[in-house]
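Trainee: Place chain B on chain A using the hints.
Single-letter residue listing:
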Amino acid sequence: EDQVTQSPEALRLQEGESSSLNCSYTVSGLRGLFWYRQDPGKGPEFLFTLYSAGEEKEKERLKATLTKKESFLHITAPKPEDSATYLCAVMVWDAGKSTFGDGTTLTVKP
Amino acid sequence: DGGITQSPKYLFRKEGQNVTLSCEQNLNHDAMYWYRQDPGQGLRLIYYSQIVNDFQKGDIAEGYSVSREKKESFPLTVTSAQKNPTAFYLCASSPRTSGSSTDTQYFGPGTRLTVL
Numbered sequence: 001e002d003q004v005t006q007s008p009e010a011l012r013l014q015e016g017e018s019s020s021l022n023c024s025y026t027v028s029g030l031r032g033l034f035w036y037r038q039d040p041g042k043g044p045e046f047l048f049t050l051y052s053a054g055e056e057k058e059k060e061r062l063k064a065t066l067t068k069k070e071s072f073l074h075i076t077a078p079k080p081e082d083s084a085t086y087l088c089a090v091m092v093w094d095a096g097k098s099t100f101g102d103g104t105t106l107t108v109k110p
Numbered sequence: 001d002g003g004i005t006q007s008p009k010y011l012f013r014k015e016g017q018n019v020t021l022s023c024e025q026n027l028n029h030d031a032m033y034w035y036r037q038d039p040g041q042g043l044r045l046i047y048y049s050q051i052v053n054d055f056q057k058g059d060i061a062e063g064y065s066v067s068r069e070k071k072e073s074f075p076l077t078v079t080s081a082q083k084n085p086t087a088f089y090l091c092a093s094s095p096r097t098s099g100s101s102t103d104t105q106y107f108g109p110g111t112r113l114t115v116l
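Protein sequence lines correspond, in order, to chains A and B. Just so it is clear: in the first sequence, position 36 is 36 by my numbering, and no numbers are missing. Just so it is clear: in the second sequence, position 14 is 14 by my numbering, and no numbers are missing.
To be clear, the hints were calculated from the coordinates, so they are not data collected in a lab. Some hints could be false.
Stated by the list, open to error - Below 27 angstroms or equal to it, Euclidean Cα-Cα: the simulated DSS-like pairs (lysine-lysine) are:
1) B:Lys9 to A:Lys42
2) B:Lys57 to A:Lys42
3) B:Lys70 to A:Lys42
4) B:Lys9 to B:Lys57
5) A:Lys42 to B:Lys14
6) A:Lys109 to A:Lys57
7) A:Lys42 to B:Lys83
8) B:Lys71 to A:Lys42
Computed from a predicted structure; not experimentally measured.
One chain only, chain A, in its complex shape (with noise of 0.2 angstroms):
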C-alpha cells in the first residue's frame, strides 16, 4: 500500500529563519510527487511536481527537492504571508490517482 508521510505536523519559524519541510514515501513505482498549499477554508494551490530523483524546482521563496525515498520543500527567508498547510502528493503509475499525506501547517511570525 502506498504511504505518505509529512513532518513535521506543526512549524512555526520567525520571519526569516530558514527551514525545510519533509514528505518521505513509500510506493511501488513513483510516476510523480506534487507539493500544495492550502489556506483555511480554501482549495489546495499546486506548487511544484517533481518526476525523478535529483529534480529540483523553485518558486520564489520555495524549492522542492526529490529523492529516492523523500522530498524536500526548503522554504527560505520565509515571510509572515507563508503561513499555511503545505501538502505532499504521490502518484504511481497505472494508478490514475494520487495518495496525500496529512500536511504540515506552517507558521512564521513577524
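Mentor: Same frame as chain A, but now just chain B:
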C-alpha cells in the same frame, strides 16, 4: 475565466437526508476527483473519473455516489448511509492521467458540509 467551481460553499443537512454537491470545470480536463478533508488531516479520495460515463471508487467510497454524464460535471451525492458526513469536500480535475506533464490536479474552493 477557466477554473473549477463548487457549490454551495456551505451546506447543512439533517440526518437521514441525501444531499448533492456540485462540481463543474471549464478547463476541458478529462479526469475529475472528489476528496474529503477532516480537521487537521490530509485529503482522502472518495471517487474519481478518468473519462465520461466511467468512475472508480476511492479509499472511502461507502455512503457516497457520483455520476459523470458530462465531461465538465462530476456531482457527488452524500447519502444517508454515510454515518459521519460532516467534513470539507474538495473537487479536483487534471488534464488526463497519462503523460508526464499532465498529472497535476487543480482544486476547487470546496464545500463545507455540516450535519445538524
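Trainee: A separate judgement is required for each hint: does it hold in the structure or not?
Mentor: Structure-based check of each hint:
1. The straight-line distance between the Cα atoms of Lys9 (chain B) and Lys42 (chain A) is roughly 10 angstroms, inside the 27 angstroms bound, and the hint therefore holds.
2. The straight-line distance between the Cα atoms of Lys57 (chain B) and Lys42 (chain A) is roughly 24 angstroms, inside the 27 angstroms bound, and the hint therefore holds.
3. Proximity of Lys70 (chain B) to Lys42 (chain A) is assessed by CA-CA distance (about 25 angstroms); at most 27 angstroms being required, the pair is judged to hold.
4. Annotation: proposed proximity of Lys9 (chain B) to Lys57 (chain B) holds, straight-line Cα distance about 24 angstroms (limit 27 angstroms).
5. For the proposed pair Lys42 (chain A) and Lys14 (chain B), the alpha carbon gap of about 24 angstroms is at most 27 angstroms, so the pair holds.
6. Our distance criterion of 27 angstroms between C-alpha atoms is met by Lys109 (chain A) and Lys57 (chain A), whose separation comes to about 26 angstroms.
7. Among the hinted pairs, Lys42 (chain A) with Lys83 (chain B) is consistent with the structure: their alpha-carbon atoms are about 24 angstroms apart, no more than 27 angstroms.
8. Pair hint Lys71 (chain B) plus Lys42 (chain A) holds up; C-alpha atoms about 24 angstroms apart against a cutoff of 27 angstroms.
Comparing the model with each numbered hint stated earlier shows that all of them hold.
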